[in-house]
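**Q** Order-wise, the sequence lines are chains A and B.
Residue numbering for the first sequence follows the numbering used here, starting at 1 and increasing by one per position.
Residue numbering for the second sequence follows the numbering used here, starting at 108 and increasing by one per position.
Calculated directly from the structure, the hints in this document are not laboratory data.
As the structure is a prediction and not an experimental result, all values here were calculated from the model.
Warning: the hint list may mix true and false statements.
So, partial list: chain B residues that the calculated Cβ filter (under 7 Å) puts toward chain A [stated by the list, open to error]: (1) F134; (2) K211; (3) F213; (4) E215.
Where a beta carbon is used, it is the ideal one built from N, C-alpha and C, also for glycine.
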Amino acid sequence: DIQMTQSPSFVSASVGDRVTITCRASQGISYWLAWYQQRPGKAPELLIYATSNLRSGVPSRFSGSGSGTDYTLTISSLQPEDFASYYCQQANSFPLTFGEGTKVEIK
Amino acid sequence: QVQLVEAGGGVVQPGRSLRLSCAASGFTFSDYGMHWVRQAPGKGLEWVAVMSYDGSDKEYADSVKGRFTISRDNSKNTLFLEMNSLRAEDTAVYYCAKDRVGPKSFLESWGQGTLVTVSS
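Only chain B is shown next, with the shape it has when bound in the complex:
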């Protein structure tokens, strides 16, 4: 079955960097677009970024554009999110999610999430 396991969260000071990873198994990782979605404590869902199956296309939310970078290593079935210049408002649980097959992005499978806390 599909399994997505995020790692790399923790407490980080404002302005610093953090790299999240998402290890995928149970499906052919290189066939699917992958997303990052975050959820601030007690708040709703916010889409962060997407990368196409082969890494050729990526999109970002305006709130993270220029600070966050999504990438993937299809040889290791792993998705990444490099987060720079972190701000307090980036504090959230970060989920990776797998696209459903099809022309549009519906998030078919989600990891359990990793908590990022930005605080001095």
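So that you can see chain A by itself, here it is in the shape it has in the complex:
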């Protein structure tokens, strides 16, 4: 199984800050990586798929990059609605696996 190591687990940031979350796979996943946002009490929502493709309707302040085993989600200017938990997910092979999550909280 491919293990996904996500960091940091917790980010304290202010509105307008730039936030970067990283995900490392235990083996190469050939750009088959997604990022999800989950607000408290809600279901996850797909933000980015295949490393860098924004899902329709997702604000352009979200971006993704990476290759091989290392991937990054960047929020260029944090907005109040972005305070949530974020998860990466590899889609290279089954079983699908998620990172442990990153909680972005208000400083």
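Got chain A; can you put chain B on it based on the hints?
**A** What follows is chain B alone, placed relative to chain A:
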């Protein structure tokens, strides 16, 4: 718009069974692979199972293999998860999710989830 509505959760004793369902609407259900993903209270996301659009292929997480069975009824636009020999560690919110079109599984739409609590 895509709507996924899970049902069937509840409190069940260890060792017993439960069947979850996920009613789909707003898209051609028979064209998409479908997944179950769970989230234990206060924890992260854990993928559980997937079934291909036509039911011909399925995969499971090791943690549920041999105990859980995924199935679908394309005539009724419904996905199922039969859960047997339930354990305390199966306690979680169970989400069904729709695949995004493409060669790999990105979970494009999610239901609101149904809570399964395994406790004596």
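**Q** Hint by hint, say whether it matches the structure.
**A** Verification of the supplied hints:
no., hint, result
1, F134, "violated, 14 Å"
2, K211, "holds, 4 Å"
3, F213, "holds, 4 Å"
4, E215, "holds, 5 Å"
Against the hints set out earlier in the document, a violation occurs for number 1 only.
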